[in-house]
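These protein sequence lines are chains A and B, in that order.
When the letters of the first sequence are read in order and numbered with the numbering used here, they come out as residues 399 to 588.
When the letters of the second sequence are read in order and numbered with the numbering used here, they come out as residues 399 to 588.
If you're looking for bench data, these hints aren't it; they were derived computationally from the structure.
Watch out, some of these pointers could steer you wrong.
One copy or any two copies: either way a pair holds, since identical chains are not told apart in the list.
[Claimed, not checked] Straight-line alpha carbon distances no greater than 30 Å define the calculated BS3-like cross-link-like pairs of lysine-lysine that follow:
1) Lys419 to Lys509
2) Lys509 to Lys405
3) Lys419 to Lys558
4) Lys404 to Lys509
5) Lys558 to Lys438
6) Lys509 to Lys478
7) Lys435 to Lys479
8) Lys419 to Lys479
Each chain, written out:
There are 2 protein chains.
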Amino acid sequence: MVELEKKIVSEGEVLPGNVLKVGSFLNQMIDVDFVMKMGKEIADLFSADGVTKILTVESSGIAVAFSAGASMHVPVVFAKKNKTSNINSSCYSSVVHSFTHGNDSVIIVSKDYLSSDDRVLLVDDFLANGNALRGLLDICGQAGAYAVGAACAIEKGFQKGGDSLRAEGFRVESLAIIESMDDGRIVFRR
Amino acid sequence: MVELEKKIVSEGEVLPGNVLKVGSFLNQMIDVDFVMKMGKEIADLFSADGVTKILTVESSGIAVAFSAGASMHVPVVFAKKNKTSNINSSCYSSVVHSFTHGNDSVIIVSKDYLSSDDRVLLVDDFLANGNALRGLLDICGQAGAYAVGAACAIEKGFQKGGDSLRAEGFRVESLAIIESMDDGRIVFRR
Chain A
399 MVELEKKIVS EGEVLPGNVL KVGSFLNQMI DVDFVMKMGK EIADLFSADG VTKILTVESS
459 GIAVAFSAGA SMHVPVVFAK KNKTSNINSS CYSSVVHSFT HGNDSVIIVS KDYLSSDDRV
519 LLVDDFLANG NALRGLLDIC GQAGAYAVGA ACAIEKGFQK GGDSLRAEGF RVESLAIIES
579 MDDGRIVFRR
Chain B
399 MVELEKKIVS EGEVLPGNVL KVGSFLNQMI DVDFVMKMGK EIADLFSADG VTKILTVESS
459 GIAVAFSAGA SMHVPVVFAK KNKTSNINSS CYSSVVHSFT HGNDSVIIVS KDYLSSDDRV
519 LLVDDFLANG NALRGLLDIC GQAGAYAVGA ACAIEKGFQK GGDSLRAEGF RVESLAIIES
579 MDDGRIVFRR
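Using the sequences provided together with the hints, build the complete structure.
Rendered as structure tokens:
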């Protein structure tokens, strides 16, 4: 999505440790009209897949997932990050390691909101090592739901999470894939 | 909003301790088409107020705020809940007590995303004791931004946070106000 690549270049900030800050339109301030366009793009990519639900993780995944849900007219379920390891039997759960924060968290989804009748599209704002997507896939597996694929706004291609999922035959679509961002210079995958 | 009241009655669940669970359409699964209608309603209520930004708190406020932003075509800023008390000088911050979780958290907003040029609409999913709104108002004050009012999806009228803000002259609009929910029976304010 050329418009997203332009926005990453003009508004993004590369911080030490391969962190890309896009707080001005995605991660703290949300450019709603622009994110709605991303949602439309995601809806177009998965229009033939009979998606019944979108699954994401709080917090920064919610806006992108919501915009895709608005275009696809399907509900969005967001996994909550649990502070305690005290998981109720009424929830599916999975352990996810965060690259940005360098810690593990447990994500949970109530069993009420995901079932074997669902065809699920995973949506997130960032895809780096793929840990969040693998946690969501794990939860889909526990629910017996079919995951049709994943859509991410920005993929850090050099961190290989997306490519490793693709190599396993799982469909991953990213609206912008960053091949490298050494010395603050952002190069996109063609 | 009659449709919201009907949804609260048909899908909501009253839990011990005056907790209303609306996870099926607002707090864990999001009925996107319905939440978009709530956003349109909020946009109509504040259409004359020259709103330049919507301010909310992660995570469950994001969907309602995003839907209002989609109708008003203004950006949404979400305050992050900080786990540490280690606040950077590049952020506004305020301490908020959570009624639901019984603890304090620090909410933060980067100084980059709120300024004295802004006319801010506060948006949240729930209004109970008003602590989250007061935290967001505190942050607007630090930024020198003008808060035109607050819009909430569901207000627990019996917890008085909304009424106490109204008594101070601050405009608070809630799409549904619950007057009581004793013994699981939900009564709305007329």
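Outcome of the hint check:
1. Taking CA atoms no more than 30 Å apart as the test, lysine 419 paired with lysine 509 passes between copies only; the shortest distance there is 15 Å, against 34 Å inside one copy.
2. In this assembly of identical chains, the alpha carbons of lysine 509 and lysine 405 lie at most 30 Å apart only when taken from different copies (20 Å versus 38 Å within one copy).
3. Within a single copy, lysine 419 and lysine 558 get their C-alpha atoms as close as 19 Å, which meets the 30 Å cut-off; across copies the closest is 39 Å, which misses it.
4. For the identical chains of this complex, lysine 404 and lysine 509 are inter-copy neighbours only, at 24 Å across copies versus 40 Å inside a copy, given an alpha-carbon limit of 30 Å.
5. When the C-alpha separation of lysine 558 and lysine 438 is checked against a cutoff of 30 Å, the pair qualifies only within one copy, where the shortest distance is 26 Å, while the shortest distance between copies is 40 Å.
6. Taking the shortest alpha-carbon separations for lysine 509 and lysine 478, both the intra-copy value of 13 Å and the inter-copy value of 27 Å come in at or below 30 Å.
7. Proximity of lysine 435 and lysine 479 under a CA criterion of 30 Å is satisfied in both settings, with 27 Å inside one chain copy and 28 Å between copies.
8. Proximity of lysine 419 to lysine 479 under the C-alpha cut-off of 30 Å is found in both arrangements, the shortest distances being 21 Å within a copy and 18 Å between copies.
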